[in-house]
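Student: Use the sequences and the hints to build the structure in full.
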Amino acid sequence: MIKILTLVCFAVSLLLSSCSEENKDEPAAEKKAPPPLAVEVITVSDESLPLWISFTGRTEATKRVEVRARVSGRLDQVLFTEGDYVNEGDTLFVIEKDSYEAALAQARAQLQMNQASLKLARADVERYRPLVAEDLAPRATLEQYEAREAELIAAIKADEAAIKGAELNLSYTNVTAPISGRVSRKLIDVGNIVGYGEQTVLTTIVSDNPMYAYFNPTENLFQIMRIHKSRDKMPAMVTVSGDRQGLVQREPLKGEVDFSDNRVDNNTGTISMRALVANDDHSLLEGTFVYVEVMITDQASLMLIPPGVVQEDQQGSYVYVLDENNSAKRVNIKSGHESRYYMIVTEGLKGGEKIIISGFAKLRPGVPIDPKDVTDSKGIKATLKKHGLMATEA
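Going by the working numbering, the letters in the sequence shown line up with residues 1 to 394, in that order.
Note that these hints are calculated values from the structure, not bench results.
With a straight-line Cα cutoff of 30 Å, these simulated DSS-like cross-link-like pairs (lysine-lysine) come out: (1) 372 <-> 362; (2) 334 <-> 362; (3) 97 <-> 164; (4) 229 <-> 386; (5) 254 <-> 381; (6) 378 <-> 362; (7) 350 <-> 329.
Treat the numbers as computed from the prediction; the structure is a model and nothing was measured.
Tutor: What follows is the structure, given as structure tokens:
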């Protein structure tokens, strides 16, 4: 009986042990391989696209004028709002008119007085001329009247000039805008005396349409632009970055490069260049930090990739591409010129590769990939089109 119980207990323990081992194996069996990493890819190709070079720059007004008082007197009125856009000929300031109106009235009165005297002098000449011809009056008297007539004729011409001068000075009491543009703040308050001893600066006006954008390429880039440019005047695009909240949305301003300096700056090794762009809505202000894109050729056959996809380590630059097994594969590359929107690849890619452009934090060689092709929306051609850089017209 004891032997039977012993055998039963032993069998039960074996059964329980077997069940325990099976339970230990169940979690291992339930473990699954991680899902493929979802990433975006674009297909790269060696295709003809416009080649743009990016620079940073600053805007500058095409015209800057100091508005000065051309006559002296008390400043009576300010007729503009500081910072507003004004048109050429708009009255900005009024200087006291009283003394200039009086000077004009005096000049006109002097003219009338001399005209009356001339009328009398001519009558004397006409009366004495026949008398002298018949020796009834001395010639000296006639000559005096003729001299008086000539003197008054000259005086009248001087009076007419004085009237024009007085009218001009009176017109200067209305200080007008010499150009259209954005006016600065007033520099002199109403009630102050202006114009004595110097032409007082009252405000300044800058003309902002069109607008200049100055930038400074290196000597090497300048030579590249000269060699490869396909037009006499290279098209340019000026953009202003929006704020971080995306509250500022500005369209690129189109124009062309209209100036390059004739010397290299010894201190910086750069050359000053300038783009002239339309600013029809006057949204671009002088002194704004801008990006200047210059198109040096409209058809460049190059291997281009987004600059943000390039990784760096001790071995150099590389990108991840999709291999035949839909896994991530590292490809070492050598790069050339880089702009804001693309990088030129000189070695490592042949064209047709699908480059991974997202998910870099989890990417490793051999990682399974679930690719989404976004070439049509995020490829180089799509990026250039989005930013207005596919158009070849200036």
